[in-house]
Every structure is written in structure tokens, then in C-alpha cells.
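Chains as they are written, first to last, in our numbering: chain A, 1 to 63; chain B, 1 to 325.
Hints in this document: simulated from the structure, not taken from any laboratory. C-beta: ideal position from N, C-alpha, C; glycine also. Any given hint might turn out to be false.
Stated by the list, open to error - If you want a taste of the chain B side facing chain A, the calculated C-beta under 8 angstroms gives, among others:
| no. | residue |
| --- | --- |
| 1 | Glu14 |
| 2 | Leu17 |
| 3 | Asp20 |
| 4 | Met21 |
| 5 | Arg55 |
| 6 | Val59 |
| 7 | Gly63 |
| 8 | Ile177 |
| 9 | Thr180 |
| 10 | Gly193 |
| 11 | Thr194 |
| 12 | His196 |
| 13 | Arg252 |
| 14 | Gly289 |
| 15 | Trp290 |
| 16 | Ser293 |
Unchecked claim - Quick list of the computed label-pair ranges, beta carbon to beta carbon:
| no. | chain 1 | residue 1 | chain 2 | residue 2 | range |
| --- | --- | --- | --- | --- | --- |
| 17 | B | Thr224 | A | Ala11 | 17 to 23 angstroms |
| 18 | B | Thr48 | A | Thr39 | 44 to 50 angstroms |
| 19 | B | Phe51 | A | Ala44 | 42 to 48 angstroms |
| 20 | A | His43 | B | Asp187 | 48 to 54 angstroms |
| 21 | A | Arg23 | B | Leu184 | 42 to 48 angstroms |
| 22 | B | Ala152 | A | His43 | 48 to 54 angstroms |
| 23 | A | Asp46 | B | Glu71 | 36 to 42 angstroms |
| 24 | A | Asp46 | B | Thr170 | 25 to 31 angstroms |
| 25 | B | Val59 | A | Pro2 | 51 to 57 angstroms |
Said to hold, decoys possible - From the derived model, a few chain B residues whose C-beta atoms are all more than 12 angstroms from chain A:
| no. | residue |
| --- | --- |
| 26 | Arg35 |
| 27 | Glu71 |
| 28 | Leu103 |
| 29 | Pro110 |
| 30 | Asp162 |
| 31 | Thr174 |
| 32 | Thr179 |
| 33 | Ala192 |
| 34 | Arg232 |
| 35 | Arg242 |
| 36 | Pro247 |
| 37 | Thr273 |
| 38 | Glu292 |
| 39 | Arg305 |
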Amino acid sequence: MPGPLILGRRAPVPTRAAPALPRHHYDPDLCVNVTPGGTLLIHAVDSGTYTGTQEPRGYKKDD
Amino acid sequence: MTDRDASVVIVATEEDLTADMVAAHLLGGPVALLRLDPGRMRERPLVTGRFAAGRWHTVLTSGRVSVTLDERCAVYWRKPTRPDALARAEERWRADENTTALLGLLRAHPLKVWIDDPTVVAASLHKPTQLATAARNGFTVPDTLFTSDPQAARAFIAAHRDKVVVKALTQRHTTFIPTTRIHLSDDLTGIAGTLHYLQALVEDRLFDARVTVVDDRVFAAAITTDGALDWRAVPLEAARYRAIDPPAEIARACVEHVRDLGLAYAALDFVVTSAGWTYLETNCVGEFGWIESATGLPISAQIARTLCVGPARRGTIGTCASARL
């Protein structure tokens, strides 16, 4: 039996990864990620770069 | 200890910046906020549920914050760590145990609002259910075929004059599979043994539309590419996004559709042509962070607001193509 037709339609894995996030940590008191200076991480970066429907290496999250 | 009147529990991974976008709107506000990931549970928060005298009483505690699961508590269940994503068997067991326990406790209590119960999501994410619901809601839905029969696929493609697409239902265990054209000239033998999802091509698209529904609010964005069949395959910078006001009947049907699926939140995909809007699918836990960032649509603020004040009364529908709520 041949392999599933649709698996032949996989997109190439993107060669360009999302830019690295600045240093940060999750703050369990604030319930958000913050930079060492206390800025909310989502205010320190373009959050749209990190919240899309695709993971950087092409492995897809839910839409 | 703080046990304020209203509380919000966010269930998400610690790395989830989309959950951060919602949490940021709740910081310093009137509700007690607590976040946890049952897939990677830490020593805090503490979770204790007790069944006595015929009823459950459950308290989650993190530092100075204490949340009691009851009608004053809202839950935002996003995408906690999946147990099967963990490397070691013991980790997977613990994640599964914690997720199952937390989910059971949440389901055992009356809550102010839950965006959304993952058991309801699991029942709503099936495309056959979605397409039938969408048709009942009045949407135009393309002819669709699920089949593992190459001859049935060939007949469907021929009936649609060789204008058909093939789509993946799931994207796990593989790299991304975009929607692509399928032709009579393709070797269709690979359809045997695997149910394939074929759909009539929506021709002459003007743009794609992503409509994000939060309770009774509708946030619509046009996505324009250079003719791509699947905008998900287009780099973020190569697509253009803009907030739009959908036709009133589309906005109304989107809210009804999400409610009919038993959800408070979902992101619907459409193709827009000169003939109108054609429904494609509903993403029950669809991403919204990138489209909010690209358009300014205040989706995370509306999710936070719904968590704070609870669902709107039925019958109200609002659209929002601006950055104001």
C-alpha cells in the first residue's frame, strides 16, 4: 500500500527561526513572563512574532 | 492571604506568551489571578479538592492568592503541556494525572465562565460536526468529501471540474501540511488506507478572513497574500492583515456558531469572494496573538473582560474593527 497522499504535501521546514527572546523568567506571582528589569516580556518584544500558528521549526501548533 | 470576590484561573504553559497577553490585562485588577500548568506542575500552586456532605470544595493557592472554585471563578484553559510531549514515562504519568484531576475538579464546580472546557473543545473540533453546524448557522460551506477510496476521490474531483483541495485534519506527528490542490492527474492511489479530506476549491478569492469570537464579540481580520491557497504557509511579513467589519449576518452567525458548538471562544476561517463569505473551518483554541499584534484588534482584552465580568446575556452581538472595546 502506498503512503498517504497528503503526506507528500508537507511544507518545507522553514530555514529561518524566530528571533531569540530576550532574557526572561516566568514570575508565578504576576502569572506572566518578565525580563530581569521587571518589564513584561510581551511589552519587550513584538509578541506577534512568537504567537503565530506556526512554531519556528515548522511543527505546527493548533491554529 | 487574598480571597477576593472574583477570581480567574489561567491554565497554560509558562512559556505561553498568548496567555501572558490575557494575564497582563488582569494584573493589578479587581480579580485574584492564578496560573498553572498541570502538565508541568510545580510545588505551587497548591490544589486541594475535598468532597464532603455531597459537594466538592476546591481551593487553589499560590503565594498570597487563594482561589475557590465557584460561581465567582472564571477559567481560561488555553494550551497546557500535553502529557505525551514529555520525555520520561514518569513525567507523562504525572502530567496526565494532574491534568485529569484538575479537569475533573473544574468540571465538578459551577463556574462563572470557562473559556473553554477542553472536553467540549474535543467534541467540537471535528470538521464534520463543524461543517454541519456551520450550514445550520447559514454559512455557505464548500462541498466536502472524506474518503479512503481513490475512485470516490476521482469522481469528486471530476464533478468539481478538477478544482479541489486536500486538507489535513491533524498536524501532529508531522511537519506542517498546508492545504494544497489535488488534481485528476495526481496519483490518487495514496488515498487508499487513509481517510483524506477533500473540499471544493473556493475560486476567485479577494482575501481570507479570520473571525475571532469571544463571547458575543466578533473580531474580524482580512488576510491578503499574493494568491496563496493557505495563508498559514506564508511568512508573517509576506501577508497583509487589517481589521475589518464583517457583514452583520456573518457576525451574527459566527456568534451563534460558536455558541452552538458549546464554546465561548473560537477562531473561524473564511474565504471572501465577490459572491460573499465562504466558511472553511473553526479553530476551537485558535491562536490570536499574532493577529492582535498585526491589527490591533483587542482580542486579549475582551477575553480578560469576559473572564472578569462573565458571559454577556444572549442576544447581544458586537463587532470590533478598531482598537477600542
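So, going through the hints one by one against the coordinates:
no., hint, in the structure
1, Glu14, "holds (4 angstroms)"
2, Leu17, "holds (5 angstroms)"
3, Asp20, "holds (4 angstroms)"
4, Met21, "holds (6 angstroms)"
5, Arg55, "violated (28 angstroms)"
6, Val59, "violated (17 angstroms)"
7, Gly63, "holds (5 angstroms)"
8, Ile177, "holds (5 angstroms)"
9, Thr180, "holds (5 angstroms)"
10, Gly193, "holds (5 angstroms)"
11, Thr194, "holds (4 angstroms)"
12, His196, "holds (6 angstroms)"
13, Arg252, "violated (23 angstroms)"
14, Gly289, "holds (3 angstroms)"
15, Trp290, "holds (4 angstroms)"
16, Ser293, "holds (3 angstroms)"
17, Thr224(B) / Ala11(A): 17 to 23 angstroms, "holds (20 angstroms)"
18, Thr48(B) / Thr39(A): 44 to 50 angstroms, "violated (34 angstroms)"
19, Phe51(B) / Ala44(A): 42 to 48 angstroms, "holds (44 angstroms)"
20, His43(A) / Asp187(B): 48 to 54 angstroms, "holds (51 angstroms)"
21, Arg23(A) / Leu184(B): 42 to 48 angstroms, "violated (55 angstroms)"
22, Ala152(B) / His43(A): 48 to 54 angstroms, "holds (53 angstroms)"
23, Asp46(A) / Glu71(B): 36 to 42 angstroms, "holds (38 angstroms)"
24, Asp46(A) / Thr170(B): 25 to 31 angstroms, "holds (30 angstroms)"
25, Val59(B) / Pro2(A): 51 to 57 angstroms, "holds (56 angstroms)"
26, Arg35, "violated (4 angstroms)"
27, Glu71, "holds (22 angstroms)"
28, Leu103, "holds (18 angstroms)"
29, Pro110, "holds (23 angstroms)"
30, Asp162, "holds (16 angstroms)"
31, Thr174, "violated (6 angstroms)"
32, Thr179, "violated (9 angstroms)"
33, Ala192, "violated (6 angstroms)"
34, Arg232, "violated (5 angstroms)"
35, Arg242, "holds (14 angstroms)"
36, Pro247, "holds (23 angstroms)"
37, Thr273, "holds (21 angstroms)"
38, Glu292, "violated (7 angstroms)"
39, Arg305, "holds (17 angstroms)"
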